[in-house]
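Novice: Below are the chains, spelled out letter by letter.
Number of protein chains: 2
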Amino acid sequence: MHASRVLRSVAQNAAKAAGSVSATLSRSKPALPTGGYASEAVRPKLFIPGPIEFHPEVLKAMSAGARGHTDPTLIEDFGRCIEMTRDVFISKDAQPFIVSGSGALGWDAVATNLVGHGEKALVVQTGHFSDRFTECFVQYGVDVSVIETPTPGARPSNDAIEKALSDAKKAGNPFKVITVTGVDTSTAVLADLKNICNIVKAVSPDTLVVVDAVCSAAGEELRMDEWGVDFVLTGSQKAFGVPPGLCIMIASQKAMARMPAKEKVRNYFVNLPRWLPIMQAYEARQPSYFATPAVNTVGALRVGLEQMLATPGGMDGYFEAHRRTKAKVHAAVKDMGCELLTQNSDIAANLLTCIKYPKGKGAAQVLPAMKAAGWFLAAGLHPKCKDEYFRVGHMGYSVTQTDLVDKLLVDLKKVIQA
Amino acid sequence: MHASRVLRSVAQNAAKAAGSVSATLSRSKPALPTGGYASEAVRPKLFIPGPIEFHPEVLKAMSAGARGHTDPTLIEDFGRCIEMTRDVFISKDAQPFIVSGSGALGWDAVATNLVGHGEKALVVQTGHFSDRFTECFVQYGVDVSVIETPTPGARPSNDAIEKALSDAKKAGNPFKVITVTGVDTSTAVLADLKNICNIVKAVSPDTLVVVDAVCSAAGEELRMDEWGVDFVLTGSQKAFGVPPGLCIMIASQKAMARMPAKEKVRNYFVNLPRWLPIMQAYEARQPSYFATPAVNTVGALRVGLEQMLATPGGMDGYFEAHRRTKAKVHAAVKDMGCELLTQNSDIAANLLTCIKYPKGKGAAQVLPAMKAAGWFLAAGLHPKCKDEYFRVGHMGYSVTQTDLVDKLLVDLKKVIQA
Numbered sequence: 003m004h005a006s007r008v009l010r011s012v013a014q015n016a017a018k019a020a021g022s023v024s025a026t027l028s029r030s031k032p033a034l035p036t037g038g039y040a041s042e043a044v045r046p047k048l049f050i051p052g053p054i055e056f057h058p059e060v061l062k063a064m065s066a067g068a069r070g071h072t073d074p075t076l077i078e079d080f081g082r083c084i085e086m087t088r089d090v091f092i093s094k095d096a097q098p099f100i101v102s103g104s105g106a107l108g109w110d111a112v113a114t115n116l117v118g119h120g121e122k123a124l125v126v127q128t129g130h131f132s133d134r135f136t137e138c139f140v141q142y143g144v145d146v147s148v149i150e151t152p153t154p155g156a157r158p159s160n161d162a163i164e165k166a167l168s169d170a171k172k173a174g175n176p177f178k179v180i181t182v183t184g185v186d187t188s189t190a191v192l193a194d195l196k197n198i199c200n201i202v203k204a205v206s207p208d209t210l211v212v213v214d215a216v217c218s219a220a221g222e223e224l225r226m227d228e229w230g231v232d233f234v235l236t237g238s239q240k241a242f243g244v245p246p247g248l249c250i251m252i253a254s255q256k257a258m259a260r261m262p263a264k265e266k267v268r269n270y271f272v273n274l275p276r277w278l279p280i281m282q283a284y285e286a287r288q289p290s291y292f293a294t295p296a297v298n299t300v301g302a303l304r305v306g307l308e309q310m311l312a313t314p315g316g317m318d319g320y321f322e323a324h325r326r327t328k329a330k331v332h333a334a335v336k337d338m339g340c341e342l343l344t345q346n347s348d349i350a351a352n353l354l355t356c357i358k359y360p361k362g363k364g365a366a367q368v369l370p371a372m373k374a375a376g377w378f379l380a381a382g383l384h385p386k387c388k389d390e391y392f393r394v395g396h397m398g399y400s401v402t403q404t405d406l407v408d409k410l411l412v413d414l415k416k417v418i419q420a
Numbered sequence: 003m004h005a006s007r008v009l010r011s012v013a014q015n016a017a018k019a020a021g022s023v024s025a026t027l028s029r030s031k032p033a034l035p036t037g038g039y040a041s042e043a044v045r046p047k048l049f050i051p052g053p054i055e056f057h058p059e060v061l062k063a064m065s066a067g068a069r070g071h072t073d074p075t076l077i078e079d080f081g082r083c084i085e086m087t088r089d090v091f092i093s094k095d096a097q098p099f100i101v102s103g104s105g106a107l108g109w110d111a112v113a114t115n116l117v118g119h120g121e122k123a124l125v126v127q128t129g130h131f132s133d134r135f136t137e138c139f140v141q142y143g144v145d146v147s148v149i150e151t152p153t154p155g156a157r158p159s160n161d162a163i164e165k166a167l168s169d170a171k172k173a174g175n176p177f178k179v180i181t182v183t184g185v186d187t188s189t190a191v192l193a194d195l196k197n198i199c200n201i202v203k204a205v206s207p208d209t210l211v212v213v214d215a216v217c218s219a220a221g222e223e224l225r226m227d228e229w230g231v232d233f234v235l236t237g238s239q240k241a242f243g244v245p246p247g248l249c250i251m252i253a254s255q256k257a258m259a260r261m262p263a264k265e266k267v268r269n270y271f272v273n274l275p276r277w278l279p280i281m282q283a284y285e286a287r288q289p290s291y292f293a294t295p296a297v298n299t300v301g302a303l304r305v306g307l308e309q310m311l312a313t314p315g316g317m318d319g320y321f322e323a324h325r326r327t328k329a330k331v332h333a334a335v336k337d338m339g340c341e342l343l344t345q346n347s348d349i350a351a352n353l354l355t356c357i358k359y360p361k362g363k364g365a366a367q368v369l370p371a372m373k374a375a376g377w378f379l380a381a382g383l384h385p386k387c388k389d390e391y392f393r394v395g396h397m398g399y400s401v402t403q404t405d406l407v408d409k410l411l412v413d414l415k416k417v418i419q420a
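Residue numbers (the numbering used here), protein chains in the order written: chain A, 3 to 420; chain B, 3 to 420.
These aren't lab readings, by the way, just hints derived from the structure by calculation.
Honestly, I wouldn't trust all of these hints.
Identical chains blur together in the list; that is why a pair holds if it fits in one copy or across any two.
In silico SDA-like links for lysine to any residue, alpha-carbon gap of 25 Å or less [to be verified]:
(1) K386 to S290
(2) K363 to P74
(3) K266 to S147
(4) K388 to P74
(5) K388 to R287
(6) K386 to P279
(7) K409 to H332
(8) K47 to E341
(9) K266 to E341
(10) K373 to Y291
(11) K388 to S290
(12) K264 to P46
(13) K171 to E150
(14) K47 to P289
(15) K388 to Q288
(16) K388 to R276
(17) K386 to Q288
(18) K264 to K386
(19) K47 to D408
(20) K363 to T72
(21) K266 to R45
(22) K203 to T136
(23) K47 to K62
(24) K264 to E341
The shape of chain A in the complex, shown without the other chains:
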């Protein structure tokens, strides 16, 4: 039998076997554009909490011709990415790791490289993504405690954090790590990171401070050395301004010293002691190999990092651009008669706003109308109240190099007040 006929019948059988209406539909409908929208003119601009809009030069690097992992230009790109990641987190000697994967891979890295089976972790819960970190710890048999936030959109009390750390320390079994979600993407709560670092220093200095910065890295102020942050994990697709596909991590020398031998880490792919010589080799501009890097995305990361660090005022300038955008967005939200999901403006993120629907409106009224106006926003996410609010991400290229946010706010007011 002819091979293409074999394949066709296999596909048909599979559709039948699954009773899959959609599979059948997808074959009878004209195909949607392949690998993206038919043109930029019809693509809604992306203002979710990441991925975000990308600079054309970043996208150009994504489509660079093939390079191997030992190509000198790739080695240079990778080495610069490592150096610049250190600059982004304002550290003189922390160790970056750039690995192919989603940001969420960083949870596994923490749960298997920084905490042992049965050892203790403390999670500061500010929303759904804190709960996901907890779930990851449980998966790996970590003894996890959670400082809970009763209301979505609030911060837990620093007193409760201090007491938990202090009690464990006094009992002779301090927490190995405390984890803080820099910005919880489900609530837009910005962590009180600097103060939490000070509490840890004061009452449990052996506890490593870990930040899930998937939706905060680069855009929210984070001074790794000065504040005493020990580990940060993030993805490439948020304020770094690069398409998703890279898990970016950085570990303080204190955290590095606490990692077990590579054989004792309970993970192989995200085994940081195994990756360390690879990262050191790239930084020394030498070829090396543990697993094939996402070459094109690494090239794009170099471009994104160079753009970010070229912001007038450097990282402080980049933080400040996001603070200004938050102020603008919050003022517009008030002006259109809406409220924040986040308890108050002071504890809300600079990269993301969670907006409650006004009376009489919901996702069905707001999100399709905004999409029709050319803006892709995100629905609510927190399990307790996901139908009560929507989310607007405002970070990276869109914020620092365009006036797209102003245009978005004009359209949002029209839709909200329609």
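Fit chain B to the known structure of chain A by using the hints.
Specialist: What follows is chain B alone, placed relative to chain A:
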């Protein structure tokens, strides 16, 4: 102090602290082109065992404008990728998984989803990458046995495989999995996969057949249902013809039925029961989320898969194109007076050739000369003999849609006989 000055001094301190000559050099030298070569004209064509040359339409999809993971066009791309992955491996009902990561992440998936701690795995060793799979099993506490190959470039004996499987079965403790490296990238040995599947069926039918197809998937014949393969793992950057960044896996329904509950898998990020509803949702054209997919690379994968399946004769035509290329390359190797590292042509891969240097020549004579002629080839890799041979990958777009291999062979003959 001004922020950009802070950052500069941080970078200088880091370079000093590390005593890093290269870091200093990289700042004083003019920067290399960013994110790729300055132009396609100066980029050597990539003929290593992956990544490979990419079709322009695949690269175009890599640079598509931003899309979120709930964008309908991305859902359609992802759904089609799942359906087409099933077609590529010639199965009617196996379950594909497409996850952000390197192909090597698939080793973790096997070691934590298909084998429990202390349970038994049998590795058929054909080179360095079989040893890496063993290392991953050991990392996760799997009880691993290896059928060794004494000489790099040989296949282990099928009798030894049969005896190991049979002895374990008779002892009442059969192997949970047997792993076969489809093509070992260090030796170009093509696994005797169909016969190994028959041996497993005959003597240890409960053992799952796992193929590390990182350098064989799509280009080397593999009929999942007909042969009885239970799990295949690969990366996007080999014969799939897509930039690296996706770990592509597919599990037979027999393998799916053997997976533990999601809470019992010893991994979080590559926890296949957690990913299953996400893959099912994408195939049903519904939004879903576990971790942000590498959106642009998924779009590119759709393009790559459509091109592959459009080969005249379907997958059989694609396999045959690689068989023809192997015949051509092997004939040319003989003609230029060289020998294969692989024991003989019959057991050598169709996607990759390992060529011994002729007397008086080595890497220093051959690889830079080929690069100067516009071809990026790979050095030897097997620890026992890496200086004795080099490697030429020949798969995907370059082979099926261009005559680049013919041109490469002309230049290689000149360099070898210079």
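Novice: Between copies, within a copy, both or neither: which fits K266 and S147 at Cα up to 25 Å?
Specialist: both (24 Å within a copy, 20 Å between copies)
Novice: Is it within, between, both or neither when you check K386 against P279 at 25 Å Cα-Cα?
Specialist: between (44 Å within a copy, 22 Å between copies)
Novice: My question is about K264 and K386: at a cut-off of 25 Å on alpha-carbon distance, are they close within one copy, between copies, both, or neither?
Specialist: Classified as between: cross-chain Cα gap 24 Å, same-chain 40 Å, threshold 25 Å.
Novice: If the cut is 25 Å between Cα atoms, do K409 and H332 qualify within a copy, between copies, both or neither?
Specialist: Within one copy only: 15 Å inside a chain, 61 Å across chains, cut-off 25 Å.
Novice: At 25 Å max between alpha carbons, let me know whether K47 reaches P289 within a copy, between copies, both or neither.
Specialist: So K47 and P289 pass the 25 Å test across copies only (19 Å; inside, 39 Å).
Novice: At 25 Å max between alpha carbons, let me know whether K386 reaches S290 within a copy, between copies, both or neither.
Specialist: between (47 Å within a copy, 18 Å between copies)
Novice: First find the shortest C-alpha distance between K386 and Q288 inside one copy, then the shortest across copies, and answer within, between, both or neither for a cut-off of 25 Å.
Specialist: Classified as between: cross-chain Cα gap 22 Å, same-chain 50 Å, threshold 25 Å.
Novice: As a check of your reading, is K266 near E341 (CA-CA no more than 25 Å) within one copy, between copies, both or neither?
Specialist: neither (49 Å within a copy, 42 Å between copies)
Novice: With 25 Å as the alpha-carbon cut-off, assign the pair K47 and E341 to within, between, both or neither.
Specialist: within (24 Å within a copy, 56 Å between copies)
Novice: Please work out whether the CA atoms of K388 and S290 approach to 25 Å or closer within one copy, between two copies, in both situations, or in neither?
Specialist: between (46 Å within a copy, 15 Å between copies)
Novice: With identical chains, the pair K388 and R276 could be close in the same copy or across copies; at 25 Å between alpha carbons, which is it: within, between, both, or neither?
Specialist: Close across copies (22 Å), not inside one copy (40 Å); limit 25 Å.
Novice: With 25 Å as the alpha-carbon cut-off, assign the pair K373 and Y291 to within, between, both or neither.
Specialist: between (43 Å within a copy, 20 Å between copies)
Figure legend: structure checked against the earlier numbered hints; hints not met, in rising order: 9, 12, 21 and 24.
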